[in-house]
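Asker: The primary structure of each chain is shown beneath.
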Amino acid sequence: MTDRPDDVPRPPEKDAGAEPAISLRGLTKTFGDFTAVDGIDLDVPRGQIFGFLGPNGSGKTTTIRMLTGTLRPRAGTARVLGVDVVRHPDRVKRRIGYMSQKFALFEDMTVDENLRFYAGVYDLPAERFAAQREYVLRMADLVGREDELTRNLSVGWRQRLALGAATIHSPELLFLDEPTSGVDPVARRQFWDLLYDLASRGVTLFVTTHYMDEAAHCNRLAFIYRGRIIADGSPSEIRSEHMDQRILDISTPDVDAVLPWLEAADDVQEAYLSGASLHAVVAADSPLTPAALTGRLAAAGFARPDVVEVPATIEDVFVNLVARHR
Amino acid sequence: MPALPTTPAPPPGADAIRARGLRRTFGDTVAVDGLDLDVPTGAVFGLLGPDGAGKSTLIRMLATVLAPTAGEATVFGHSVVTERDAVTPRIGYMSQRFSMYPDLSVAENMEFFATIRGVGRADRRTRARQLLEGMGLDEFTTRQAQFLSGGMKQKLMLATTLMHRPDLLLLDEPTTGVDPVSRREFWRILAGLHADGRTVLVATPYMDEAERCTHIAFLDGGRIRQHGTPDEIKAKVPGRLLEVTAADPRAAMAVVDGVAGVTSAHLLGDVVRVLWDGAGDPAPTLASALAAAGVRDVGVRPVAPDMETVFAYLADPSTRAADAEPEVAAS
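Chains as they are written, first to last, in my numbering: chain A, 1 to 326; chain B, 1001 to 1331.
No wet-lab data here; the hints were simulated from the structure.
Beta carbons: idealized from backbone N, C-alpha and C, even for Gly.
You may find that some hints are simply not true.
[Unchecked claim] Sample of chain B residues facing chain A (criterion: CB under 10 Å; computed from the structure): (1) ALA1107; (2) VAL1119; (3) SER1149; (4) GLY1150; (5) GLY1151; (6) GLN1154; (7) GLY1177; (8) SER1182; (9) ARG1188; (10) PRO1230; (11) PRO1238; (12) MET1307.
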């Protein structure tokens, strides 16, 4: 990696042989006697959508703050785009972008003024801003709304504007901390289309989310729990390697009565509502078949139980992992 | 989750919430536009709709914190405008804003809100422990609220809302930013409240949560466009839903989107959900279109309609004109 001056714009690099976008070894952060991030190792390849998952308070945001150079680790190394971000946070700041669930937009400024503000933060030359502005407005579908006050935009529009502002300087790596929190399903889908577009242009995306359907859209995932990485891999690797349970899906009109019955059954490890049906989690080697469970439910007097085995979702794996590491 | 201790629940049958012609404007903006709503006692009633549909404004009026511009609303028979004192002790309202004391600890916030809601001293500690354990907050009781992560703040607010065992819970996107494990715990708590006869009105952007409601209403432009049970609402979407799996789901989505008879296609995780309203058997049609386009490892199977598809259908501007008049479903 050559050390180029920070103010020279460059296109995102697609070189597969390049150093990973992010490389962490033993990264640790403590607050008083609380260890928020506990010696994590992680490599994020370039050009990928990388999902960083974990329960609330497990260290996701703390990790991102160390990677963006806003928080100093207690120990360990963090290389971001080939730069030691602990020693040289300023060398990487112009090459990365950041967007959180709290969009950092000025509500009393127009769309255009917000974009201009962020271009100013990154000292974007005028001609480069003109080109980027054009791209961002088209991407975010904000053409014709340049002069609207940001506060008058719906959440979906604001979210796309925030993404536009976070990418106005064409970063090579974009951190997205719960970018779709509280956004409606249609707007979430449109937002993910934009993320795919960025990824296809070679931008590396580091995303945290609590929507497990979004996690399945990522190329790779890492699960962090109590400051430690407890699993990582592609979504299908995660599903096949970290699931030591089977899931039985039960459709019944008696959801309220069947749920406590399942919770009390000895060979059912966990039972929960999944959409309109119930899921019973059993050990991988449990002899309990869908037919056997149907029979037992019918014998217990429940009407029309319909039981099928279903593949584990990323959400099932998430819950399973947390339960095992508790 | 242990059963929650009970106080007598209100009698079933009566409406927990009844609104007629409810309207609220902010300057020139009409947030809620002459809305009628009946929420039966004991329902878990989900409010869905695009951002800016009026969900929060509706909830704030029902919680007595925002006065309607016109129309009326009652909670357990009491007006939210003229009988606020009769309404507030029976409701628990959780807003989207973080409304805890930042410099008090988790335990102190619980204690404080229990006290102002008149929860007896003996009861307070047990109940606080149960709720905090149920939400995975028991390790953080001494942490100041301002140092909680986003999702933990949500859970703390919900816990304080439940301390006085309200008959009606008004929850405005309570699980936004909450992790999957805690979201399950949270819905287990709601299931317990439902079994106990309490009424829940919950706005949510999560379609799997909408599936768990006994009733749902779809809001748009400050009005209720559809309401009924999840099954009734699903039945309103014309066509059949299919699930397509493929080595490259995005490529598969692009292909099926262009097939005649396909109304919409979207990615749900790593599968493509396809709404088909054409003639004939869709499975072979889709499979051959995908094979012709060189998409590998293709599987096509019919699936039951899901709320995500329903939401996308109802929120699509091209379908709005078709059913502009809200249909009243029997409940």
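Asker: Next, verify each hint and record whether it holds.
Answerer: Results of checking the hints against the structure:
1. ALA1107: Cβ of B:ALA1107 sits 16 Å from chain A, so the hint is violated.
2. VAL1119: violated, 26 Å
3. SER1149: Holds: closest Cβ of chain A sits about 4 Å from B:SER1149, inside 10 Å.
4. GLY1150: B:GLY1150 check passes; min Cβ-Cβ to chain A is 7 Å, inside 10 Å.
5. GLY1151: Holds, about 3 Å.
6. GLN1154: Nearest chain A Cβ about 8 Å off; hint holds.
7. GLY1177: It holds, given that the least Cβ distance between B:GLY1177 and chain A is near 5 Å, below 10 Å.
8. SER1182: Since the shortest Cβ distance to chain A is 6 Å, the answer is holds.
9. ARG1188: Holds: closest Cβ of chain A sits about 7 Å from B:ARG1188, inside 10 Å.
10. PRO1230: holds, 6 Å
11. PRO1238: violated, 18 Å
12. MET1307: holds, 8 Å
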